[in-house]
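Participant: Below are the chains, spelled out letter by letter.
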Amino acid sequence: MKNIKLIFAGVLFTLSASFIGILLSGRVQLGSLGRAPAEEGGPLFPLREPGLAIQGRQVYISLGCVACHTQQVRPASQGSDIAKGYGPRHSVARDYVLQSSVLLGSQRIGPDLANYGARVSSENEIHAHLRSPKAGSAMPSYDFLYTTGKDGAKVPTEKATALVAYLKSLKIDYSSPEAKLNQ
Amino acid sequence: MSQDSYRPSFNISRVDASVAQPVRLFFASAFLWLMLASILSVITAIQLKDVSFLGGCSLTTYGRLKALEGNLFAYGWVTNALFGLNLWLMSSLTRFEFKNAWLANVGGVVWNLTLTYGAIQIIMGNMNGLSLLEMPKEVAVASFVGFLFAALWPVVAFSRRPTGHVYVSQWYILGSTFVFPIIFALTQLLVLWCPAQGVLQALVHSWFHQNFYLLWFASSAIAAVYYFIPKESGRTVSAYYLSSVGFWTFFLVASWTSPATLLGSPLPLWVQSAGVVAAILMLIPLVILAINFLGTLSWNRGISQSWNNTTLRFVLVAIFALILWGALFATFSTRGLNAVIRFTSFNTGLEHLLTYSFVSFVIFGATYFILPKVTGISWLSSKLVHLHFWSCAIGTVSLLIITLLGGWQQGSGLRADWPSVIFPSVLLLIGHIAFGINAFGMLTAKLSSGHESTHA
Amino acid sequence: MTDQHHSPDQPRRPSAGDSHSVSDSRLVEAHSHLARDKEEPKEGFSLLPIIVVFIFCGFGFWAGLYLTRNAAGFSPSAFDLSAPREVASDGPKAFEPDLAKGEKLFLQQCASCHQANGLGVPGAFPPLANSAWATGSEDRIIKIILAGIAGEMEVNGMKYNGNMPNIGAGLKDAQVANIVSYVRSAWGNQAEAVMDTKVAEVRKAIGSRGQYSPKEILEQHPLEAK
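Residue numbers (our numbering), protein chains in the order written: chain A, 361 to 543; chain B, -8 to 447; chain C, -13 to 212.
Any given hint could be a false lead.
List time: in silico SDA-like cross-link candidates among lysine to any residue, alpha-carbon distance up to 20 Å [unchecked claim]:
1) Lys365/A to Leu104/B
2) Lys145/C to Ala118/C
3) Lys444/A to Leu541/A
4) Lys514/A to Gly46/B
5) Lys494/A to Ser43/B
6) Lys40/B to Lys514/A
7) Lys128/B to Leu104/B
8) Lys494/A to Ala407/B
9) Lys494/A to Asp408/B
10) Lys494/A to Cys48/B
Worth flagging that the hints you see were computed from the coordinates, not collected in a lab. It should be emphasised that the depicted structure is a prediction, and the values quoted were computed from it without experimental measurement.
Turn these sequences into a full structure, and let the hints steer you where they fit.
Facilitator: What follows is the structure in structure tokens.
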């Protein structure tokens, strides 16, 4: 092993083995995944995100929410996510096909948000939560996303509106061919 | 052949002198970033307990500071230090004298300027949502160029070396130097420039993460351990013939481990299973490393003797950290256990174990060895060296206990909140300040101080 | 490089202070000798290579085993280890009845009694060719295959009193669908192919039960007039 070319070739080989073995073959399998109807002839899921939600995703990224929140529900055999109410079924690859940047996340300092839009009742509730999260929780207040209007009431900025639209759009409450909802 | 470096004098050897400038630059910038990163880690630790702390504006909100901390630690501290370490080590082992080492300075400057720019962008919120890839994509191009100029010198030294013999450290350095640009470019391409579809992004990202930690960080650090153990103990490495098997299995298996960090995620089962298998197969190279390292040190009360040598003391802690990491990583990649600890602070602990307790400790140990050689001055204060060691050792152990145990409790439903790491973070910061004072004292001093050795 | 390289089995005491006992070039050289000779001075290590090889083989074996057990057939749509494997299809895609597969399965599963030409054995096994039982209602033939049938019956004017076991219970929905589709199109039979979803439906409806008697099944699905 004195030959630099040999070392280079070997290292290249080991890297490309895993590159081909998991990334490329993963791509072959999932790369052309599209949306699918929940039942024969029904609308295609995941639904297209409204434009505002796409902007909201950008806000979510730029404030680093992903440091504390995940967006993936594990199967019942792999943790208690479903039991905790994070979603009615586990997440599948198809749920993410429309997302330009996928924010699976890796730490749950706060709850999972994959199905938050289906849990929450109104936009006002989200606004209220962003401005003043539960006392004593680690979630910081995002009061700086709101300005005070003429009458002293808090007015959401464009960013806050977009963020809320995004959070509202997070849903996996539909059947996917790979993971049916239990009727 | 120059034997200067082994006389107890502080003449800088010709070989060392030829790389002294860039090595000093890399180390100096690494220490600065380390300071910043450890201040940030104290701040973010406090923010988790007291949400109002620096929370009133978007620039200092937790999400951004946390991302910044991660980037400064990885690209600022570890990567810069590894530039210096790899360069110095390779030139020492090959006895190659650089003529144009200033080019490495250019690389270092480019690397650090782009990092500064990237850091500002993160603070401004212009960032991506994947850890260690947060900096905007344009930054990556400049970083890439900076990397090539800063890091490829070991390759030059190796291919032009005057001596024919090759030592295992050199393979690891070459390996890690080859790996970084490849994974960095591919990942930037597949995640930021022309994003892969859906969850594949997460897969590519994890592939980058694992390779970055194992094949760039750990591999370079392993190179250094392989060097310092025989060097400082005066023994040849035991079971040395295993080291090449260790090297190849390490590189072959490490890059397959990435899906093991994504168990339960919406990736096909077989991808996840491949990761689990790799995580467990990692035990092979790690056992070989353990045989090589501990076998050498356990000779004739070697462990207690290495305790009296500053460099080996750090390296010893690092070796145990690496072994512990391998054992925990393999154990907790099995599906049943992983289901408990996934998404909890346990993973923070594992990451800390690898990147700090192992890699950073090796760098500390190496710095105590290298800085005198490239500055010609000995360490200013042995008290500070002790303070550094104990503060960081206690800090890192307590951080591990808190995050690992806390993560386990979180996962099994025994506690709801995220364990607080304020105490260990402060300890680490104190240690780093002690280290910084010592190091910057050397880096800035005139070449005239006394000959008294302060090696603890 | 004139200096003797120190023998590896004589550990040197690490010298105190900052002086370093081994020079870099000697360090490199000594190890490259070690690597070349592959000879270890210490006795205890001689078993190591063999043990290591064994351990490697064990790891490799385990890895293969684990992968085959936990990869859900390398399907791109399996995410849940405990989920039933069949669900892993590409969504509500149309199932294509495959007559070639159906023929093969028929030869394996049915031909021992009903014969490859579908004519059966007079007096013992009724024919499938030109049998109203086989070409009429989908439900009926599926039920017969899934649950089996025993008792007196008449097929094409000939009386039988035999016993057909519940062969379909051990087959997958798609397999049963392929067989039925084949039977309904072979030997001059002309009836519609059957979908796997239909089989799944029937399987669910009848649950696990004993064999049908011809009387019971004819009550549910009377023979169609030819």
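Participant: For this structure, which hints from the list above don't hold up?
Facilitator: 1, 6
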